[in-house]
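From first to last, the protein sequence lines are chains X and L. Under the working numbering, the first residue of the first sequence is numbered 18, with each subsequent residue one higher. Under the working numbering, the first residue of the second sequence is numbered 382, with each subsequent residue one higher.
If you're looking for bench data, these hints aren't it; they were derived computationally from the structure. Only true hints are included.
Derived lysine-lysine pairs resembling PhoX-like cross-links, with alpha carbons at most 20 Å apart: (1) L:399 <-> L:692; (2) X:30 <-> L:796; (3) X:77 <-> L:576; (4) L:796 <-> X:77; (5) X:39 <-> L:796; (6) L:804 <-> L:706; (7) L:704 <-> L:804; (8) L:448 <-> L:422; (9) L:732 <-> L:787; (10) L:706 <-> L:781; (11) L:423 <-> L:448.
Chain L is faced by these chain X residues, among others (derived, beta-carbon under 7 Å): (12) 24; (13) 28; (14) 54; (15) 58; (16) 59; (17) 80.
The C-beta atom is built at its ideal place from N, Cα and C for all residues, glycine as well.
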Amino acid sequence: MDVKQISVFLENKPGTLNEMTKVLTEHEIDLRALSLAETTDFGIARFITADVLETISILKDAGYVSSLTPVVVAEIPDEAGALNRVLQIFMEYNINLEYMYAILGSKSGHAYMIFRVQDDKKAAAALVANGIRVLSQEDMAEI
Amino acid sequence: MERYYQPEIECAPREKIKAIQDERLVAQVRHVWDNVPYYRKKMEEAGITPDDIKSSDDLHKLPFLSKADLREAYPYGLLGVPLKDCVRIQSTSGTTGKRVVAFYTHHDIDLWEECCARAIMAAGGTDEDVCQVSYGYGLFTGGPGLNGGSHKVGCLTIPTSSGNTERQIMFIKDLNATILCCTPSYAAYLGETMKEMGMSPEDIPLKAGIFGAEAWSEEMRQDIQDTLGIKAYDIYGLTELSGPGVSFECSAQAGMHINEDHFIAEIIDPDTGEVLPEGSMGELVFTAIDKEAFPMIRYRTRDICSLTREKCSCGRTHVKMTKPKGRTDDMLIIRGVNVFPSQIETVLLNKGYPANYQIVVDRVNNTDTLDVQVEMTQEMFTDNVGEISARQRELVEGLKNMLGIKANVSLVAPKSITRSEGKAVRVIDKRKI
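With the rest of the complex left out, here is chain X:
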């Protein structure tokens, strides 16, 4: 039930993200989602790919430091109020959200949101209990 997000350290200066995506492009790694967190002098690129281990090893060879973080990926209807419903569930179950972002496009017409929470298992269970589909790592290649 969990999806591993890859987080990569980047210096906060022009071109660093481009250099990293170039490495991934060269190895035909498809980014399913991407989000950036930044401070004044460094940033963290967070993203989802289908093959986590391959991506990590490519990044390591290219000299990047990275880490894996469990995240919850939920399938929600692409319509008004859908996100609000998920957040409502989190509130009811007292689940604290650290950050969230969306998967870029999809073949199915659904929207997919990525949530980073303190307790990902509890969050996933809460969503499933409320009829929301939670995706696994294998699903990342499909959507």
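Position chain L against the provided structure of chain X, taking the given hints into account.
For chain L alone, coordinates are given in the frame of chain X:
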């Protein structure tokens, strides 16, 4: 068991060392008076003649030589013998001004290599050892000095010189090198590369390292000892005086024994030139008492340290100098405060950061800025921005406590700071003063 190259001198009673120094100094001053007009003139200006120097107690009467004198007398002005008697020159990198070109007779080379041999044996070396010399060979004294010392001890010497790091590691492993000689920053880099190659300290036969030619902290020693699985010994020297081996560490790893039968050390107040009592921190001054070609008298090293004659557990009786806090050349004056790169290194290593760092000093709106760049490592990295920022703030705080001024800390990409194969470039000073 402690090993000595020349126990009769290294462990001689103090009176014997004093007697050697007295005799050699008197003769050296006479030699310089007769053969080095540049220094004779200095003596005449100070109103003294060789007759005034009756023993080492009179040393303080003699005028100093400084780097400025070397520049002025370049290249032959301080030569003590005819050029035809010289067999070698060595030279400094010239990073802090004009190159120093030093001359050696056979005798000078011999005593220099003897000093290095003492250092190697103090690190546990014998003729059973394989000694890899990864200092640069050439004009730089590191390679030739340790190479000669290693021969004198009878070690099987591998003269790899610096560079080609993976080959260095291959030689250590395949040819069973037990002693490594190089700069501490290169030793750290070798350790880092070894780790990347998937090797652990158990995979290599090294047992000791002799590292010098740049200032390094106690924390860096610990780091190198752990990553290479060795005991790391400091060695000190200057091209002006011969090269590495002027002083060296013994098994006690607490201060470096100065080869007092060749060099007399003094600590002076750098401002007044006054000789300070034993134990005081001040500028280190050396007199080479039996060098022929380049006989430095009271040469100001600009290194800041102190001396101690306390009994050493290794049995050597020669005076010990503390690890220089840094060369006065390396000292940065930032917003009026004296900052040594070694202080910054201490804080970084204490807080678990790697020894790869760079210090960038600049002047923005007439105010000095100090930026310490540290590489992000796999161990330090987390997805949590707050945690990384908190570590960064903790480092800023640690630096402020150590230096007394605020330094900015930048986290930079792994491997983005250039690794050094010789002396590391730690400081980039962009101020145009």
